[in-house]
Structures are given as structure tokens and as C-alpha cells.
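*Asks:* Sequence:
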Amino acid sequence: MSEPAEYTFEDDPELASTLPGFTYWDRDWFEREKRRIFRRNWRCVGHVSDIPDAGDYLAHRLVDQPVMVLRAPDGDIRAFHNVCKHRAHVLLGEERGNLGAPLITCPYHAWAYDMGGQLRAAPHCEHIRGFSRSEIRLDPVRVEVIAGFIYINLNPDAPPLLPEIAPAMDRFQELCGDLAGLRRAASVTFDVAANWKNVGDNLLECYHCHPAHKAFVDLVDMDTYRVETEPLWSWQGGICRPRNLAYRIPDGLDDAEREFVTLYIWPDMAFTRFAGSGSVATFVFEALGPEETRQVFTVYTPSGELDPVSSDIYRYFCDVLGPEDVGLVESVQQGLHSVSYDRGRFFVDEDRSWFSEHAVHHFHALVDRHMRSPSGNP
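Take any residue in the sequence shown, note its place counting from 1, add 53, and you have its number in my numbering.
No lab work stands behind these hints, which were simulated from the structure alone.
Every residue gets a Cβ at the ideal spot worked out from N, C-alpha and C, and that includes glycine.
Any given hint could be a false lead.
[To be verified] Each computed EDC-like pair below joins lysine to aspartate or glutamate, with the alpha-carbon atoms no more than 20 Å apart: (1) K138 - E227; (2) K267 - E312; (3) K87 - E179; (4) K267 - D117; (5) K87 - E377; (6) K138 - D103; (7) K138 - E188; (8) K267 - D421; (9) K87 - E67; (10) K87 - E188; (11) K87 - E345; (12) K138 - E179; (13) K267 - E179.
[Stated by the list, open to error] Label-pair ranges, simulated between beta-carbon atoms: (14) G397 - P284: 20 to 28 Å; (15) P284 - Q118: 20 to 28 Å; (16) N208 - G150: 21 to 29 Å; (17) R140 - T61: 42 to 50 Å; (18) G388 - G234: 26 to 34 Å.
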């Protein structure tokens with residue numbers, strides 16, 4: 054089983070069931086996800102402060118597609134497929150760095166491209182009949198910079214991202230300030246033995262928070278917790294208590310300053326604002342395989358350093374919240390293979406209370422629509 058036609062998906066979240074269990078481990082299904090979701094949607098790969106100077110670059114892999122993002126001499130941010138046009142060697146092997154020269158040089162046969170992607174040098178090409186450097190260019194990748202964060206899309210025909218998420222980003226920046234001025238302060242990676250959707254499901258509901266996250270439910274007043282969904286994003290959060298088991302929030306803050314928020318952006322990233330600090334975190338869950346996901350949690354601050362509150366938050370995520378969630382999703386992943394499990398019933402009430410799983414239904418609906426559309430554009 055690997056086709057959407059083999060199941061039906063209910064649009065009404067109050068009556069719906071989840072995607073079938075096989076969609077979390079089936080190899081053929083995952084290959085379709087690569088084509089219809091990951092290669093056709095906007096993916097966040099970093100922040101402008103990661104590549105401040107000309108020649109700075111980020112090398113990223115979108116599942117199985119090597120991509121580079123670089124800062125050009127004119128200050129523009131550009132992206133290309135990170136593959137030499139000669140014999141397909143990956144051009145930039147390190148995750149980040151500086152070119153050291155205005156050329157991207159392949160380590161295999163020393164073909165060299167300028168930062169516009171044009172081939173400038175190919176050793177001994179003067180001896181090759183019918184060879185023209187001017188006809189060879191790296192394939193570009195679409196780039197958008199939104200509030201300082203860099204998004205790329207392998208689909209040349211995809212609609213722009215900004216109109217879809219501008220209201221969410223404006224609202225988030227009203228709480229957090231200008232995101233473009235932030236700098237990376239700390240980052241931690243968890244390699245998780247679970248499907249990427251499993252990780253997303255866990256992110257998008259707090260029904261599990263009371264039994265699984267004792268410190269978190271002491272941090273956030275769940276009576277104030279609400280979840281909203283929009284076409285390509287969802288918003289969840291509540292007001293935090295100054296005294297709690299997770300981390301200490303400074304005294305004298307009003308409700309807005311004590312608001313915890315997670316802003317999810319389709320398909321695989323979220324912004325988080327932890328109350329009481331000047332920091333913002335990103336949570337990216339990159340699919341590596343049908344049952345492999347890399348979670349990257351990165352904290353950004355105005356100074357690029359962790360202040361005492363942000364340091365406590367980072368420690369809480371690394372030592373408590375992150376490992377708790379990894380344990381949950383890895384156990385679920387094992388259960389998804391059970392012959393006794395097919396689909397589960399979404400737990401969604403009419404009032405969309407704090408425990409409601411309507412954001413997970415929204416996520417599953419996006420997966421379902423993309424997988425039913427051969428173009429990847431539902």
C-alpha cells in the first residue's frame with residue numbers, strides 16, 4: 054500500500070482519522086513525498102547572519118538534493134544546485150564556510166564557476182572540440198528572504214512564500230521584535246528514529262503535554278493555551294507562569310511578555326518564542342529517510358550570545374523537553390509497524406480547546422492534498 058487512493062481522508066477534523074500507519078514507514082510512499090512535498094515547497098535553511106560576508110556559503114541537503122546558498126559580492130543571496138555540471142561531484146562539501154575567492158571550484162576536476170553560476174574555468178578545455186564555457190551554468194534554486202530567514206524551493210513554478218505567511222510573521226515580530234537583526238547563538242541536533250510526520254504530529258498538539266511534559270505544563274498555563282490554523286501555517290501558545298519547573302522567568306512582565314508561542318510553517322519547521330527572553334528559536338525537522346529525521350533546534354539572539362534566561366531555556370530544551378519528545382516519537386514509530394494499528398481517531402472538540410488535535414489534522418490534510426496531486430501543487 055502506497056497510494057492515497059487506497060484510503061479516504063475526512064475534511065472535518067471533528068470526525069476525522071489520521072493518515073494510515075503505512076505512510077510513516079513505507080519506502081514507496083516516502084519516495085513520493087520527496088517528489089511531491091520536499092522538492093516542491095519552501096524550506097528554511099538558515100538566517101542571513103549565517104552568511105554575512107561575500108563568499109560565505111551554506112551547503113544544505115534537501116533529503117537527497119545537494120543545494121548551496123551563498124552571499125554574492127553585491128550582497129545578494131543566491132542559491133544553486135550544489136553539483137558540478139561535469140561529472141556531478143558535490144561542489145561544496147562543508148556545511149558552511151567561505152569560498153576564499155570569487156569562484157566555486159570543484160574539488161574533482163577543478164571546474165570553476167563564478168558566484169552567478171557561470172562556468173569560468175575548465176582545465177584544458179581549449180583542446181576539447183565543441184566545448185564552450187559560456188554554455189554551462191549551475192542550475193539556480195529559488196530563494197526568498199523573509200524576516201532575515203532564508204528559504205529555498207526546488208520548484209521553479211511554486212507560488213512565492215511571503216504572501217502565505219506574512220500575517221503570521223508580522224504577528225510573531227510584534228511579540229519578538231525584528232527577526233532580521235538576530236544572530237545564531239546556539240544549536241543542538243537530535244537524530245531521531247522516526248518519520249518526519251511523526252515529529253510534526255508531536256509538535257502540533259499539546260494533548261500529550263500533561264502526561265509527558267511535567268515541567269512544560271508547569272511553565273505554561275494550559276487554560277490559556279490555544280491553537281489556530283491557516284492554509285500554510287499554524288499558531289499555538291499560552292501565558293507562562295514566572296515560577297515553574299522549566300526555567301525562571303523574570304518578575305514584573307505582563308501577559309504579552311510571558312506568552313509562549315510556536316509558529317509552524319509548512320512543511321517542516323517552526324519558530325518558537327519562549328517567554329521572558331530576548332531569544333527566538335527555530336525547530337527544523339528534516340526527513341532523512343522513511344524512519345529517520347534530524348531535529349535541529351537553533352537559538353537566535355540580538356547579540357549572538359545566550360543571556361542567562363536564554364541559556365536556561367536552551368538547557369531545558371537540550372536536557373529535558375527535547376529528549377522527552379524524542380522518546381515519545383520513537384516509541385510511536387515502533388507502534389506504527391503493529392499489525393493491530395491502521396489509523397487513529399483525531400481528538401478534536403468543538404471549542405478547539407488546548408487539548409484539541411486540529412492542528413495535526415491540518416498538517417495531515419496538507420500531506421494528503423500534496424500526495425494526491427502529481428504536480429505537488431494542490
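*Asks:* Give a verdict on every hint.
*Replies:* Taking the hints in turn, this is what the structure says about them:
no.	hint	verdict
1	K138 - E227	violated (45 Å)
2	K267 - E312	holds (18 Å)
3	K87 - E179	violated (40 Å)
4	K267 - D117	violated (38 Å)
5	K87 - E377	violated (28 Å)
6	K138 - D103	violated (27 Å)
7	K138 - E188	holds (11 Å)
8	K267 - D421	violated (33 Å)
9	K87 - E67	violated (29 Å)
10	K87 - E188	violated (30 Å)
11	K87 - E345	holds (14 Å)
12	K138 - E179	holds (18 Å)
13	K267 - E179	violated (69 Å)
14	G397 - P284: 20 to 28 Å	holds (24 Å)
15	P284 - Q118: 20 to 28 Å	holds (25 Å)
16	N208 - G150: 21 to 29 Å	holds (27 Å)
17	R140 - T61: 42 to 50 Å	holds (47 Å)
18	G388 - G234: 26 to 34 Å	violated (44 Å)
The structure shown violates the earlier hints numbered 1, 3, 4, 5, 6, 8, 9, 10, 13 and 18.
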